[in-house]
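So the protein sequences, as listed, match chains A, B, C and D.
Mind the numbering: the first sequence is residues 6 to 287 in the numbering used here, read in order.
Mind the numbering: the second sequence is residues 6 to 287 in the numbering used here, read in order.
Mind the numbering: the third sequence is residues 6 to 287 in the numbering used here, read in order.
Mind the numbering: the fourth sequence is residues 6 to 287 in the numbering used here, read in order.
Do not take every clue at face value.
Unchecked claim - Cut-off 20 Å, straight-line C-alpha distance, at most; resulting in silico cross-link-like pairs (SDA-like, lysine to any residue): (1) LYS151(D) - ILE227(C); (2) LYS33(C) - ILE162(B); (3) LYS159(C) - SER230(B); (4) LYS159(A) - ARG141(B); (5) LYS151(C) - SER230(B); (6) LYS17(C) - ILE41(C); (7) LYS159(A) - ILE227(D); (8) LYS151(A) - ILE115(D); (9) LYS159(A) - LEU226(D); (10) LYS159(A) - GLN155(B); (11) LYS151(A) - ILE231(D); (12) LYS151(B) - LYS151(A); (13) LYS159(C) - LEU154(D); (14) LYS159(B) - VAL248(C); (15) LYS159(A) - LYS151(B).
These are computed hints drawn from the structure, not numbers from a lab.
Note that this is a predicted model, so its numbers are computed, not measured.
So you can see what is in the structure, the chains are spelled out below.
Protein chains: 4
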Amino acid sequence: MNEAHLDDSPLKQRLRSIIFGTDTPEGKAFDIVLLISIVASILLISLDTIDSFHADYGNFFLIGEWIFTIIFTFEYVLRLYCSQNRLLYARSFFGIVDLLSILPSYLALIFPGANFALAIRVLRLFRVFRVLKLLRFLADGNLLLKAMLQSSRKVFIFFFSVSLIILVLSVVMYVVEGPNNGFSSIPKSMYWTIVTITTVGYGDITPQTPLGQAIAALTMLIGYSIIAIPTGILTAEISQEMVKVRDLRKCSNCGKAGHDNDAQFCNHCGSELESLASLTQP
Amino acid sequence: MNEAHLDDSPLKQRLRSIIFGTDTPEGKAFDIVLLISIVASILLISLDTIDSFHADYGNFFLIGEWIFTIIFTFEYVLRLYCSQNRLLYARSFFGIVDLLSILPSYLALIFPGANFALAIRVLRLFRVFRVLKLLRFLADGNLLLKAMLQSSRKVFIFFFSVSLIILVLSVVMYVVEGPNNGFSSIPKSMYWTIVTITTVGYGDITPQTPLGQAIAALTMLIGYSIIAIPTGILTAEISQEMVKVRDLRKCSNCGKAGHDNDAQFCNHCGSELESLASLTQP
Amino acid sequence: MNEAHLDDSPLKQRLRSIIFGTDTPEGKAFDIVLLISIVASILLISLDTIDSFHADYGNFFLIGEWIFTIIFTFEYVLRLYCSQNRLLYARSFFGIVDLLSILPSYLALIFPGANFALAIRVLRLFRVFRVLKLLRFLADGNLLLKAMLQSSRKVFIFFFSVSLIILVLSVVMYVVEGPNNGFSSIPKSMYWTIVTITTVGYGDITPQTPLGQAIAALTMLIGYSIIAIPTGILTAEISQEMVKVRDLRKCSNCGKAGHDNDAQFCNHCGSELESLASLTQP
Amino acid sequence: MNEAHLDDSPLKQRLRSIIFGTDTPEGKAFDIVLLISIVASILLISLDTIDSFHADYGNFFLIGEWIFTIIFTFEYVLRLYCSQNRLLYARSFFGIVDLLSILPSYLALIFPGANFALAIRVLRLFRVFRVLKLLRFLADGNLLLKAMLQSSRKVFIFFFSVSLIILVLSVVMYVVEGPNNGFSSIPKSMYWTIVTITTVGYGDITPQTPLGQAIAALTMLIGYSIIAIPTGILTAEISQEMVKVRDLRKCSNCGKAGHDNDAQFCNHCGSELESLASLTQP
């Protein structure tokens with residue numbers, strides 16, 4: 006992505022190194038400014054929803070909002086200009102996120118009427134999805150995600166089984182507690198079962214009959230036990246991934262593998278080792 | 006089960022390959038239609054218990070219900086017809102589940118009187134146990150179940166110890182909080198202890214005396230600590246099972262074991278490896 | 006313990022084999038009768054605390070109670086008679102438990118006056134500690150307990166750190182939420198902090214000020230994170246214990262170790278292995 | 006730190022061995038007296054915040070408070086006197102903690118006026134941070150902390166992702182549940198999301214609309230699942246650290262590594278092993 010194309014203007018190449026580069030000083034500065042802008046913008050939108058803050062600092066929030074909108078518009082135009090293939094960027098996930106994070110402000114400007122009150126309110130809230138811009142800063146090829154994908158089949162079987170248990174318990178509780186006590190329908194009963202089996206326990210719906218309380222106790226103990234299963238699956242996967250990373254580096258002198266991640270010299274013959282980064286980031 | 010018997014008619018053999026087969030296109034199509042029918046049927050029954058939905062769409066739900074009953078009846082008759090041993094199927098777990106998932110609809114037709122109101126209501130709810138038909142789609146010989154069975158003795162000792170702790174704490178809390186504050190009997194106190202030790206915490210019964218709150222705090226910390234034990238047991242078992250699966254494949258050329266589950270070639274001599282599936286599914 | 010002493014009468018030896026033996030048919034029968042008696046007795050006492058049950062079946066409960074008291078008295082006398090050293094048994098943990106599980110019934114008989122109402126009530130509840138008799142059925146030298154003791158130092162450091170965090174957060178919340186909103190004293194505030202950090206969350210005391218809610222959110226996230234630590238410690242210990250058990254059995258023919266717990270033959274040379282039980286139970 | 010400097014007076018050297026020494030009898034006695042004083046002092050301050058206790062035993066608490074203040078003042082002066090570099094100690098973390106744990110008592114003496122009521126109250130509470138003095142007793146270079154630091158990057162990515170999820174869910178719930186039902190602003194909605202995703206579940210704010218309850222159920226299931234991730238990370242790290250410690254000791258006779266932490270002799274050749282402590286505490 007950092008390779009300069011011969012047919013690009015020097016300006017475009019320079020801009021690209023700023024926007025996409027993460028190693029150059031300008032690239033880092035751009036990233037940090039963007040990161041701060043996104044976080045500040047979200048903070049501002051969130052605070053604006055508090056009524057007393059909106060009454061007192063409404064105008065200040067409006068000005069701040071427009072400053073961020075201009076910054077993000079500028080960023081969007083720059084990205085569009087620098088892209089090798091503009092349509093591809095505009096249609097990509099981040100292209101759409103970048104557009105959606107500036108659009109609501111402009112739309113609110115075009116339709117300022119009070120007759121669209123709810124629509125406007127929802128629209129303004131959409132700006133908070135600027136948070137998705139932060140996803141750019143998450144390294145995508147990390148160990149964690151790999152372990153989760155590796156165990157996705159096991160996790161799916163787990164959630165399928167849990168759904169079965171939830172459904173059966175919901176029906177039983179609906180029959181036992183009758184349509185009273187908040188267990189007014191099976192979906193309501195499912196909501197209670199999920200609140201209980203995940204050990205959240207709001208207490209807005211609680212069983213009143215002795216039999217209901219006994220089944221509730223059973224539900225809790227089931228939840229308490231099966232909480233162990235996804236942990237067990239994931240831990241085993243992460244352990245395996247870690248061992249694999251350990252085994253990745255072979256000493257070029259004596260051939261021994263299994264060095265610690267932070268080792269710099271072979272612990273068998275003392276010759277220098279390749280850095281781990283050069284192996285995992287091809 | 007998929008082996009054709011010489012004395013069976015070609016129709017029977019064909020039907021059997023559709024119903025029991027999971028690799029043929031017809032078998033897959035049958036499975037998918039069945040899966041969708043079950044899920045849709047359960048959804049319909051659940052929504053029907055919401056009063057406002059029942060009032061507005063009651064007739065639509067009734068028609069839908071009969072469509073699914075006919076589908077499942079058709080499936081039941083087919084399975085009965087195709088079975089090598091019909092009595093064995095009819096008596097098997099899935100045979101009974103299949104029957105129970107169609108019976109309530111017919112019974113409700115026979116006894117439509119309002120004088121059996123509660124019985125009818127319970128009967129109609131029994132239809133939701135159609136969910137058990139989904140169990141067919143769960144591979145039974147999976148790693149997860151094996152790890153759980155392997156550690157069942159340890160888990161039993163764990164739950165035995167937890168029951169002891171719950172009982173002792175229940176009695177102590179019943180004595181401390183008196184018969185007031187919701188702790189009106191030992192079973193009620195046990196309900197509170199389970200709600201607390203599993204970290205569910207409804208808040209419908211809470212200790213009011215300082216001593217009661219101190220014991221409650223102790224109960225929570227115990228629950229918080231022992232939540233680790235089943236996780237630890239299961240994780241260790243799953244890790245061991247994984248290592249075993251790794252060690253299952255031996256290279257037929259150089260004899261080295263311990264290949265990754267997704268490895269296709271021996272990482273020692275480069276010769277091709279047998280697929281893992283051919284080893285674990287005998 | 007099962008060795009017969011020459012100076013004992015044949016009756017004593019016979020009784021001892023019944024009471025302490027777990028392999029002989031009589032020993033097993035004795036254990037099962039005792040187990041059922043204890044569980045039934047506790048069930049009876051618990052149900053008796055429910056007012057409506059006590060009113061309706063009070064006399065039945067009283068008769069049942071005396072039957073169990075006679076059974077446990079008989080058991081106590083037998084154990085005392087069979088002991089090599091009677092004083093040692095009477096002073097041992099189980100000796101005291103056995104005595105305490107029969108004493109309350111007799112004391113209630115001696116002091117039946119209504120003027121000792123509370124004392125009698127507490128006394129009657131003491132009977133529930135018969136549950137401690139169940140401890141006899143728990144194998145004491147198990148893997149789980151060993152792993153927990155092995156990691157006790159780490160767990161102590163963990164609870165010491167958690168106590169520090171709880172104390173600091175309690176003081177902060179007491180200062181922030183003022184003496185209102187249920188945070189009326191530091192001990193009350195500590196109760197709230199424990200309810201929150203263990204993710205129990207009764208909701209009987211909740212923060213009302215924005216700053217208090219922010220600190221509460223932080224407390225929850227801390228609790229959510231550190232829940233991982235005891236699990237991690239214990240899992241690692243159990244894994245190590247399991248590996249040790251695997252390495253315990255060496256093939257007497259080729260010397261290879263690391264056999265599965267359920268292996269009967271050496272997977273290296275095919276010769277029969279010693280049973281694992283004969284190694285772990287010296 | 007225990008090395009005596011030639012230019013120090015014998016008194017200073019003697020005091021230093023008492024204060025900093027942990028192996029000598031005097032050093033141990035000093036540590037124990039200090040530990041008990043800190044815990045007793047904190048207990049006293051906490052109990053003093055209970056109104057009824059303050060009314061009845063206020064004077065007793067005041068006297069106790071001054072005794073502990075004098076003890077800690079004496080300790081502070083001793084430490085200052087013994088330090089190689091007094092300014093360095095006074096500016097260090099523990100130097101400031103030691104000073105702050107005695108200062109509030111003297112300040113309350115100087116400004117006893119009722120017109121600073123709140124300031125005084127906060128000041129008196131600051132004494133509870135004496136709890137930080139306990140940190141001295143925590144070994145700093147322990148395995149647990151190392152595992153946590155080792156995995157800090159992974160844990161950071163985890164919390165970054167969780168923050169993203171919390172923010173998105175907060176906005177969605179704010180839009181769905183409207184400004185009613187306690188979801189009056191995005192920060193309030195974030196508070197609810199954290200209460201739910203950490204499975205605390207106070208129940209002070211609960212969704213009322215069916216859609217809101219469905220999203221709440223999803224939030225709980227997410228929280229229930231991702232609770233596994235930090236556990237998995239930490240467990241894998243601790244396991245690795247343990248294996249490393251096992252591999253630390255090599256038999257000086259035959260060269261075999263991988264001995265149990267409590268092993269005293271090589272399990273390969275039988276020769277005595279170095280103690281583990283001498284290896285990990287350089």
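What hints, given by number in increasing order, does this structure fail? 6, 8, 12
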